[in-house]
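Undergrad: The whole structure should be built from the sequences, with the hints applied where relevant.
So you can see what is in the structure, the chains are spelled out below.
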Amino acid sequence: MTMAARALPPGAGALVSVALVPPATRLSFRGGPDAAEACAAAFGCDLPRRACRAAATEARAALWLGPDEWLLLAPEAETAALVAAIGAGLAAVPHALVDVSHRQVGFAIAGTQAATLLNTGCPLDLDPAAFPVGMCTRTVLAKCDVALWRRGVDLFRLEVNRSFADYVAGYLRVAERGLG
Amino acid sequence: MLLIPCPFCGPRPELEFRNAGHAHVTRNPAVDDPAWAETLFFRDNPKGIMAERWRHVSGCGRFFNVLRDTVSDAILASYKAGEPRPDVPLPGPEGEAPRIGAGDEVAP
Amino acid sequence: MTGEHRLARGGRVDRARPLRFTFDGHAYEGCQGDTLASALLANGVHLVGRSFKYHRPRGFLAAGAEEPNALCTVARDRARTEPNLRMTQVELYEGLVASSQNSWPARGFDLGAVNDLLSPLLGAGFYYKTFMGPRFVKGTTLWAKLFEPVIRRAAGLGVPPKEADPDHYANRFAHCDVLVVGGGAAGLAAALAAARAGARTILCDEGAEMGGALLCEPDATVDGMPAAAWVAATLAELARRGATLLPRTQGFGYYNHNFVALAQRLTDHLPHVPAGAPRERLWQVRAKRVVLATGAAERPLVFPDNDRPGVMLADAARAYLQRYGVKPGTQALVVTAHDAAYRTALALARAGVKIARIVDTRPRPAGPGLEAARAAGLPVTVGGTVVGTTGSLRVSGAMVAQASGTGATDFETVPCDLLLMSGGFTPAVHLFSQSRGKLRFDAETQRYLPGDPAQAQASVGACAGSWGLAAALDEGSAAGAAAAGSGAGRSHAVTGDHAGEGGGILGALPHGRDPARVKAFVDFQNDVTAKDIKLAVREGFRSIEHVKRYTTTGMATDQGKTSNMNSLAIAAGALGRTLPEVGLTTFRQPYTPVTFGTFAGAARDDLFDPVRRTPIHDLAAAQGARFEDVGQWKRAWYFPEAGEDLHAAVAREVRATRAVAGIFDASTLGKIEVVGPDAAEFLNRLYTNAWTKLAPGRCRYGLMLDEPGFVMDDGVVGRLGPDRFHVTTTTGGAPRVLNHMEDYLQTEFPELKVWLTSVTEQWAVIAVQGPRARDIVAPLVEGIDLSAQAFPHMAIREGRICGVPTRLFRVSFTGELGFEVNVPADYAAAVWQALWERTAALGGTAYGTEAMHVMRAEKGYVIVGQETDGTTTPDDLGLGGMVAMSKPDFVGKRSLARPDLVAPGRKQLVGLAIEGRTVLEEGAQITPTADPPVGTHAIGHVTSAYWSPTAGTPIALALVENGRARTGETVFVPMPGGAIAARVVGPVFHDPEGKRLNG
Ligand SMILES: [Zn+2]
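Chains as they are written, first to last, in the working numbering: chain H, 1 to 180; chain Z, 181 to 288; chain V, 289 to 1287.
Don't take every hint at face value.
With a straight-line Cα cutoff of 25 Å, these simulated SDA-like cross-link-like pairs (lysine to any residue) come out [claimed, not checked]:
1) V:K1181 / Z:G201
2) V:K726 / Z:P226
3) Z:K227 / V:Y543
4) V:K576 / Z:P226
Keep in mind the hints are simulated off the structure, nothing from the lab.
TA: Below is the structure:
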């Protein structure tokens, strides 16, 4: 990161905008169903059991990324407190909790052309019927692995490893030219 | 580009996967040297149905198994690692995959 | 008037919008709706190029994508110059600049046409025979400098620009319920039925305008509407229903699992291209169901001199007449084996073209076409043939004979300036075949037709062998409805249908003339004649795939769209076999050529591949770092001061680090957090070392093998707690190691309660190495006792540095006292800055990857992938002590007992001491004597070689057979300037006792 990513225009596009999201707490949570249940209680947000679905509250979200893997999102300042709370709540349950707050960078992609922009490089069917609001998954965008979460019909969150953020920002800028 | 059914995520484009070779190769370090060499290095190359491993590496990250017809690319089954190879009906004469595109000549 | 041969009315061109263009520098006028081909024909231009091999004058054969002759180069500027475009598909725009190809100095006077006179030398296999020719010819200078370039230049197509392509190309992944390829009657009906059933529908067509053959049917009606009006109404309804309509879009590739690639032309038809607008878009479509409505292409007839300008497919002439309002000639002779050509003859006659003769090659033709022609008073010869043509740059006459006659002398020359031919229609089964559908040969109609589909797909209309408008519409509608899962389609009320038409012939027409003296072309683009195919069979080629490659028939850019069936039939005849016995050659993607830009899309320049930078990159750059590529990473390579080259900078960096301290950005190191109650057991099984007894707070160097027993990665592993390890991997090995670990965890050891998380990018790593390293780090650290007793070599502590969390390793890859400061990546720049200020104040340095490599080599530390090559065992590296053979199992353990891995004579890691100042070349071979005879087996190779600033000599690491036993021996490294002697020594050149590590 990310001279190019930081230089993104602040969401001004009429049909689609791309913006960095503020720093956040990101925790990778791994474990079985018992652990997920216990974690939900400590985290204050459900950990979806259904594949490729996210649950969210006002300030928290849990994204199913694999059958024993969730990405927990929370405000930046809460990292230490959440690590402590989940650790305490799951002292007796095998699990793994790893702070990955700095590993990733988040983009918000918004607008009526948001799905179309993503489909320049993402091979998934992003029709709302196939990829409804609340769906999330890891996938690819052009030559980069990403995690994609649909927060609204016209609003996506993209999480990418930080060293790919420049590439993703540059790619989206070029791809936007090709929407016409 | 294949459309590969991940047992966890459902059908996904091949771009999200990485092939991981033959399925059901048993790792048994107790065998003698020739048998161990078979385990390590010798693979068949079937024309027809093959059990192969894939990893949904740009997805849920799981390794799993697929039965694929190497002639038609039809995927007949997808199942989790550790599960036994499912029985699928072997294709009869009319189920034989077409040769055009794979071979030189078309039969009448 | 937009061309003297333009009709006053009719067709789909807009005469009120004239367009000026140039062709080979001559100015012409066409009009909106023209292709370059129709506009040139409107101006009476038939000679548009020279053929590939013989430089014969050529004109338009077809009116669509299958055109083999009329290729041109269209240039907007030097960089925007595209060769090999089919003029029949180039849409005219104001100011278009086009030129012919393969003719020099001019179309009308082509020096290369001497090839036509030399043609006895240029028969089938000429290029193979010549370029694979005997060495004594090929080896000569004259050959290399003169003949080969001339031959290669004479046989050519257009010239691509040398400039980088300035255009932008887009990509789109799309999904649909029903993809319809082909926007003619069948395709439109299919798309409409699918869309009405609520299916997500995509309809693409190669033309600028949807409608296909309907655009050439001014007299037909569908459901009471003129055909063109029905097309417009259908398109409007499709748009209203949300279907994706893609004109100018070629479906060019049909891949597995109903994945279809389309190439959409976006701006090539515009006179002024908006800045930044993408030129083409690649559509990668995944369709639940595909309907192919790709039509059929008319076949030429194969007779002598069938390639003169003015010789054209009959259906193409009708398209020029009825779609573009152009008279392609004034006096036409029609030779046909199919009823459809009568329709063309009648339409031409109505438009005022004189029909000199209709020659039907069939002995007993019948049907409404023939009757109508006779009723209109057109002269018809039944059971006739054409045995040759006259004219040079334009056909002037056709030599008409009775098919039963000898032909050679017994013919009548009928004057004409347009010779129309129809050998029947070949269904366009290319995409069906690409989809791996099996074709079946219909003996009655002598056609290959789609058999059972191999994917969720249906073929409708002419590509499925049907004929006539109603059949196309009804089949399309049924297939569209079925694809959308909504039962039956509907039937259409049609007038102007031609359902009864039929006929066709395959192969060459008999002519009775001296075969050595005439050329009857089969493949126009590659200049392959009937004689060439027969010659190939005579020379022993039996497989049609070999005949194809030897004669090059069907191998031009048109892939034999007009020629393949005739080639097959001629080969079958020569082989004495039936067509199905001969078989078909493979239909390959792409259906028509696709630009490289379309495939590349955004992947060019900065976006060709992701460029990964560390959080410290910008600071290192500000300090003057030069960077090197390590995989996708940019790593600081060295930090030159004024006037320093690489060598000088590295020498200074090494000396300063060993004397004072250096700091190094190691952020790219792979890092995996291994967490869970079974974490230690998991590592026991993945690494050669034993982990159970490693105490929290301590580190160990871990060695990872693949299952065959070879070293695949290494790295320091720190234990943070009973169930938490911080594992590091090589920079390049990070994804591979994680994949390897996940593989074993998920499939071999799924019972273990442990999870793996990549934290490569969570933690930035700053190595601080050198005798003053502790003095640099200490003032910045809180909560960690840095004393040697409390924090010894190979330990890890968690605390804070510069106020932010750190995982602090006491490790060394230089042989000096060292720390590796891990901090969350957002804080890395600030921490680097703080450490750098202290380092600089003490007289230390920042160092890059080159100095790192030198220092580790001075210490004999291996780099996996440099000292190893995938066949290197721990013992080969002298690391046998790292292998805990007492463990019951670990990945690779069983293989370490394999016979080859315990056999004597394996290559072992050693150091090489060199007299003099020559640094060896990495990869150089090692021999036991200075000047071994040719064929001598090398006993090893150099793996690393550097100038050692510390030793003041060159140093090298090498893998040498029985290397450890050779210690003290002299070996040789043969180089172009003579062999370099080297003494085998231990691999550690600096501080072999390791005292400096523990400072
Ligand atoms: Zn998956």
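Undergrad: State for each hint whether it applies.
TA: For each hint, the structure was consulted:
Annotation: proposed proximity of K1181 (chain V) to G201 (chain Z) holds, straight-line Cα distance about 21 Å (limit 25 Å). Of the supplied pair hints, the one linking K726 (chain V) and P226 (chain Z) holds, its CA atoms being roughly 21 Å apart against a limit of 25 Å. Restraint check for K227 (chain Z) and Y543 (chain V): the C-alpha separation of about 19 Å stays at or below 25 Å, so the hint holds. Taking the CA atoms of K576 (chain V) and P226 (chain Z), the gap is about 28 Å. The hint is violated against a cut of 25 Å.
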